[in-house]
Amino acid sequence: MKQSKWGMVVDLDKCTGCQGCVVACQAENNIPSNEKSDYDEDRVIQWIRVERYWEGTFPDVKARFIPIMCQHCDEAPCEPVCPVYATYHNSEGLNVQVYNRCIGTRFCANNCPYQVRFFNFWEAEWPDSLKNQLNPDVTVRSRGIMEKCTFCIQRIRRTKRDANVNGFEIDDGSRAINPACVNACPTEALVFGDMNDSNSKVSKIKEKESKKSGRGYHLMEHYGTSPNVIYLKKIEKNKSHSN
Amino acid sequence: MQEHTQLSDKEITDDLLSPVIRSPKWFWMTIGSLGLIMLLGLSGYVWELYSGLGVTNVKRPVYWGAYITNFVFWIGISHAGIMVSAILRLTQAEWRRSITRAAEVLTLFSLIAALSNILFHVGRPWRIYWITPLPPVVIGYDFARGIWPNIRSPFVWDPVAVGTYLLSTILFIYTCLLPDIALVRDKVKSKIPKIIYSVLALGFRGTPRQWKIQATAPILLSALVLPIFVSVHSIVSWDFAVSIAVEGWHSTIFAPYFIIGAIHSGVSAVACLMAGLLWLYKLDKYIKPDHFDAIGRLLVIVATIWLFTLFLEWIFALYPLEDPEIALRNMQVFQSPWNYLFILFLFTAYIIPVSAWLFKNIRRSAKWMFFTTILVNVGMWLERFLIIIPGLSRRTELSFNWGSYSPSLVEMGLVAFTFAFVICGILVFARIFPIIPPFDVKEGMRFRHIIKIGKRNISAVVRE
Chain A
1 MKQSKWGMVV DLDKCTGCQG CVVACQAENN IPSNEKSDYD EDRVIQWIRV
51 ERYWEGTFPD VKARFIPIMC QHCDEAPCEP VCPVYATYHN SEGLNVQVYN
101 RCIGTRFCAN NCPYQVRFFN FWEAEWPDSL KNQLNPDVTV RSRGIMEKCT
151 FCIQRIRRTK RDANVNGFEI DDGSRAINPA CVNACPTEAL VFGDMNDSNS
201 KVSKIKEKES KKSGRGYHLM EHYGTSPNVI YLKKIEKNKS HSN
Chain B
1 MQEHTQLSDK EITDDLLSPV IRSPKWFWMT IGSLGLIMLL GLSGYVWELY
51 SGLGVTNVKR PVYWGAYITN FVFWIGISHA GIMVSAILRL TQAEWRRSIT
101 RAAEVLTLFS LIAALSNILF HVGRPWRIYW ITPLPPVVIG YDFARGIWPN
151 IRSPFVWDPV AVGTYLLSTI LFIYTCLLPD IALVRDKVKS KIPKIIYSVL
201 ALGFRGTPRQ WKIQATAPIL LSALVLPIFV SVHSIVSWDF AVSIAVEGWH
251 STIFAPYFII GAIHSGVSAV ACLMAGLLWL YKLDKYIKPD HFDAIGRLLV
301 IVATIWLFTL FLEWIFALYP LEDPEIALRN MQVFQSPWNY LFILFLFTAY
351 IIPVSAWLFK NIRRSAKWMF FTTILVNVGM WLERFLIIIP GLSRRTELSF
401 NWGSYSPSLV EMGLVAFTFA FVICGILVFA RIFPIIPPFD VKEGMRFRHI
451 IKIGKRNISA VVRE
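Going down the list, the sequences are from chains A and B. Residue 114 in the numbering used here sits at position 114 of the first sequence; the count goes up by one each step and never skips. Residue 18 in the numbering used here sits at position 18 of the second sequence; the count goes up by one each step and never skips.
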């Protein structure tokens with residue numbers, strides 16, 4: 001089987017800021033519910049978050065949304081600084097976090113320009129009613145370690161295994177392999193796929209949009225991290241046409 | 001050339017061993033109150049271990065806080081030892097004799113204090129040995145030990161540098177301590193201490209051969225230890241400088257800037273310690289105004305070089321005119337509370353002390369040196385705080401994630417713990433071993449001549 005290199009496209013023109021991806025991620029990956037106190041302490045864990053920015057002044061104000069998750073950088077700055085190899089790059093282009101290996105120096109989080117690494121300050125807790133909904137495929141992280149978006153590696157693994165055993169080809173954009181956030185996105189603003197497969201949707205978008213006229217860009221490219229998430233600019237209405 | 005009091009060997013022995021033979025009146029009370037502070041700090045740590053790092057105030061995005069500040073601060077203080085014992089020894093500065101051991105002991109305890117901050121800082125301190133390349137045989141059976149530490153990480157360089165420094169400091173202190181342990185062994189009356197000192201003295205009897213080795217060893221060690229002078233704080237600075245994503249950290253000037261800052265704070269701490277010891281143990285025959293004068297002059301130079309590198313750091317940072325960097329510097333200097341801290345830092349670390357040290361009367365007064373050097377260390381603690389926190393507050397394009405930080409009670413308690421620990425460690429050391437080396441002072445006496453200057457006869461060492 002050909003080696004995959006997973007990537008994602010985020011079309012900001014389609015994002016409505018509905019936070020569906022955030023909730024899906026929370027449920028899929030056993031992330032403890034963020035309560036008001038967590039927001040007050042700035043200790044919220046959201047592997048994917050929707051940042052909201054206001055543009056313009058009242059009454060001509062626009063809300064801009066940008067979902068930000070781990071960019072799975074090819075040159076991930078978080079990897080070389082971990083003293084114990086708790087974070088490393090796997091053969092499928094994913095930046096992986098080994099929870100049991102982490103000792104919690106939080107160096108990786110400092111060195112991440114996107115701020116997508118999260119530290120478990122407290123032991124994770126769920127209300128009794130939610131304990132049975134925990135995903136058995138995902139480790140519940142103990143306190144004192146880092147965690148972050150994995151592109152739902154458990155779904156990728158499971159689908160590949162099923163495909164091997166049952167002998168079928170994995171379709172591009174199959175719901176079985178897509179991360180939870182991509183499946184949950186109602187406007188299909190998020191597209192997930194194999195960058196090594198030239199026929200996949202992400203590869204085609206990449207090819208089309210990384211041209212000069214295209215809308216594609218990487219977040220904070222100037223750090224030289226070469227991320228695997230491509231953002232597509234919002235399409236602006238004709239500037240002269242104001243309402 | 002410096003003025004000294006000529007003393008006989010017996011006077012020196014009696015003076016310097018008196019705090020070792022019986023405890024001074026204030027001793028147990030001081031140790032008790034320091035112990036109380038340490039206990040309070042440690043109870044905070046127990047709480048942190050029990051419930052998690054949530055009890056500190058670090059948060060997203062400021063993931064490093066007071067502990068790392070304090071770590072860098074104590075590593076900086078530890079540079080005193082190497083500066084005084086190695087550099088001053090090799091340059092044959094005669095005034096180092098009575099202060100070398102105090103500086104080395106300060107180094108020892110400040111290194112331990114710095115390392116303890118790492119334990120406070122990490123999320124799972126019980127797994128901290130994973131950053132060492134120890135084979136499983138040493139640690140015991142452990143599934144996760146199959147992996148070598150990541151040598152690209154500055155957090156692996158750190159234990160190497162600091163560990164080397166700690167080992168060489170212990171070696172240094174011990175080799176220089178041997179004749180004095182032997183001296184205490186001969187003077188001590190009670191039985192059990194005598195046995196302990198005899199074992200520690202390693203059979204030092206003062207034969208010519210032993211003296212010869214004893215005199216060569218520290219010089220050899222100082223030469224070997226010199227690379228550490230550059231390496232330790234460079235590596236500590238690289239904890240920050242390698243972080244490409246943090247504005248204000250990713251700077252090439254950081255290594256020299258941190259080293260010179262470390263010498264500034266370290267030598268100040270030695271001056272402070274000297275003044276303290278002078279007052280506690282009435283050592284005015286051994287620690288002279290000349291000593292403070294020499295340290296004061298050294299400090300004026302060091303502080304000014306440090307200020308220059310600080311200036312360079314700012315120039316390098318602002319030269320590209322990048323928005324995040326400008327936003328960061330703007331925050332450091334113009335936004336409350338950082339602006340107040342910044343002004344306090346400039347005044348305490350440079351403006352007040354250095355302008356004071358320009359006056360000879362202040363340089364020669366132990367009391368004034370005590371307070372000005374404390375100011376320097378307040379300022380240097382703030383300096384590290386002002387580098388670490390505003391940098392991590394992330395004044396980047398993603399303004400959604402901007403943050404801030406102030407230490408929590410537990411963190412303040414543990415910072416207080418490290419200070420109490422270092423003071424307590426030095427006092428306990430001074431109770432067990434002579435803190436001013438009698439053999440070294442006696443050796444210094446041998447080098448002196450009575451010189452006639454004008455109408456006065458002065459005992460002084462000519463080779464200075």
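Check the hints yourself; a few may be wrong.
As the list claims (entries may be wrong) - Covered by chain B, per the in silico footprint, the following chain A stretches (three or more residues, Cβ under 8 angstroms):
1. 15-25
2. 37-45
3. 106-118
Said to hold, decoys possible - Pulled a few chain B residues facing chain A out of the computed Cβ check, cut under 8 angstroms:
4. Trp-28
5. Arg-124
6. Glu-397
Hints in this document: simulated from the structure, not taken from any laboratory. Treat the numbers as computed from the prediction; the structure is a model and nothing was measured. Beta carbons: idealized from backbone N, C-alpha and C, even for Gly.
* Mind listing which of the numbered hints don't hold for this structure, in increasing order? => Violated: hints 1, 4.
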